[in-house]
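Residue numbers (my numbering), protein chains in the order written: chain A, 1 to 436; chain B, 437 to 608.
Hints may be right or wrong, so weigh each one.
Claimed, not checked - Simulated DEER-style distance windows between Cβ atoms:
1. B:Asp590 to A:Pro86: 33 to 39 angstroms
2. B:Pro525 to A:Gly159: 40 to 46 angstroms
3. A:Gly159 to B:Trp491: 32 to 38 angstroms
I should point out that these hints are in silico values taken from the structure, not numbers from a laboratory.
The structure presented is a predicted model; accordingly, all values stated were derived computationally and were not measured.
Where is the CB? At the ideal position from N, CA and C, for every residue including glycine.
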Amino acid sequence: MSARKRTLDTHPLTYCIDAARGPLDLKDYEAVGGYAGLRKAIRELTPLDVQAQVKQANLRGRGGAGFPTGIKWGLVPMGDAHDGGPKYVVCNADEMEPGTFKDRLLMEQAPHLMVESMIASGYAVGASTGYIFLRGEYIESARNLNKALAQARAAGLLGDNILGSGWSYDCFVHTGAGRYICGEETALINSLEGRRANPRAKPPFPAISGVWGRPTVVNNVETLCNVPAIVLNGGEWFRGLSQGKSKDGGTKLYGCSGRANTPGCWELPFGTTSREILEVHAGGMRGGKKLKAWLPGGASTDFLLPEHLDLPMDFDTISKAGSRMGTGLITVVAEDQSMVSAVRNLEEFFSRESCGWCTPCRDGLPWSVRILKAIERGEGRPGDIEKLMRLTRDLGPGRTFCAHAPGAMEPLQSAIKFFRSEFESGIRASASAVTA
Amino acid sequence: MQNQTVIKLADLGKAPPFELSDAERDQITEEMHHYPDPRAASIGALKIVQKHRGWVPDAAIPVVARLIGSDGADLEGVATFYSLIFRQPVGRHVITVCDSISCHLTGYDELRDALQARLGISLGQTTDDQRFTLLPICCLGACDRGPTMMIDEDLHGDVTPEQLDRILGSYT
Ligand SMILES: Cc1cc2nc3c(=O)[nH]c(=O)nc-3n(C[C@H](O)[C@H](O)[C@H](O)COP(=O)(O)O)c2cc1C
Ligand code: SF4
Ligand code: FES
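Just chain A, same shape as in the assembly (with noise of 0.2 angstroms):
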């Protein structure tokens, strides 16, 4: 991150970082504003309070669906329609969409906000244990998180009876073994159980019956980075935060990867154009090459064009363009780089990590990358983009147990669409060239 000078009242996820110094220990982090969304959270409002807050801020999710926030922890059984047992804040810190570095840089960078954040969150909805779900390669953030969790307990932060308010909850960091689809979140409940990560079906939602069968709150890590500042400033001043660059409030992380001069993630008001995040915080494309083609979000999103760059990043225009913002980090490709390698690559992600759970995303995925490797060797036959298409739709939404199908589809769909021409040029004119 730069310099500039960032607050909690203008960023409010990345005003206590400074990645050349490091991330603040207690005392400095509460000395910037820390901790004083949480306090005031426990010493003046109610639950009910926060949660109306996070309500009216309109947070949605960042973790690439972008669903309300507030409606999600409004679920969660309160006051007479709890039955008095557990309820959990489950952090979705699984972090593993190919293109995606911004979980990172918050846990590594500002460990307490994310402590203080599952304190608040947990508080918000009651919750007597939150669990942080790590993905296991991030080795920093689970010791800046866990220094940070030993910190807020040893000031009475954590633990029993926080800050007198009789209200009880603790907070661990749990550690993954790989597998990307852990980040789904019903396969996230199963893992944190110790079970494989399959998805589990919806209803019930893990906001009745999560982990351990009890109510469960599962969010991003930079959704609920967000709720101090909420808290502490109201859900009305969040809005305004995007500075009227969308209907959606706040501000996000966004970030460039692949081919651009200065790759780099950024907190900047929500609806900020990819123009801007390429062009000015990213310095452009490397060598002077022109944009061939983007992701808005992430591996699970459909490619957009040079001529999309203008939009607003926001949920809403980003689908309204046939895509999806996903997890609003976007990755370049330069225009003497192949599409139909990049679709392979992104293909063989995809049909690796598929759990195995249901058919069609277990034999459809490696299809997919057989008919991908054939077209990118020049040896693809006749008919090789019609079955491409074909499991686009095979595969699509609905058809499969979990989105992670789904999802693979979407950069397979919209490179054929705009980039036909390129995979028309891997197959072979003759029908007796073989595929697999």
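For this one, chain A is given, so just place chain B with the ligands on it according to the hints.
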């Protein structure tokens, strides 16, 4: 450097005895306290064994399962599902090289080829001197520094083939 295991003829067919060390047992027990159901420590327990031994031998499964109140078949199912639980011996250092999209666009192919040539092995293999195992891995969440790889617990970004001698040299 670990000694080659010697298998005596008389022992063939017998399961090699497996005992958790005190350190392993303590760490697993500590992990179990984080959950109302100790089975939730399944992955954590396997990772603790792996941290101490480099991998998770078959004989460890029933012993760990008993400790966390799970059964051997369930734990075996878990152990085989997750890609970062190694069920075969690996080298002293494990190199995981990111083969996902941003690294694909910034030089994964060249990096993989250089690693394979430098180590004389293919992806999925271990060098004869047991020094390195080379594995592909999906996005390491450091795409702004592609191409990336991890060696053990260290992340290396913007890796060029020219840097490999220097980087690998620090893992003996
Ligand atoms: C295959 C698959 C992988 C996913 N991986 C992640 C992930 O790594 N991190 C994440 O926050 N959400 C991931 N999600 C989305 C989660 O299922 C869920 O929507 C999210 O955690 C909800 O949090 P949010 O509302 O705060 O975004 C994934 C979804 C699918 C289908
Ligand atoms: S769609 Fe794929 S990842 Fe999802 S449940 Fe089916 S096999 Fe598993
Ligand atoms: S794609 Fe290689 S680190 Fe993300």
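Consistency of the hints with the structure:
1. As the Cβ distance of aspartate 590 of chain B to proline 86 of chain A is approximately 38 angstroms, the hint placing it in 33 to 39 angstroms holds.
2. Between proline 525 of chain B and glycine 159 of chain A the CB atoms are about 42 angstroms apart, so this pair conforms to the stated range of 40 to 46 angstroms.
3. Judged by the Cβ atoms, the range 32 to 38 angstroms given for glycine 159 of chain A and tryptophan 491 of chain B holds: they are separated by roughly 37 angstroms.
The earlier numbered hints are all upheld by this structure, with none contradicted.
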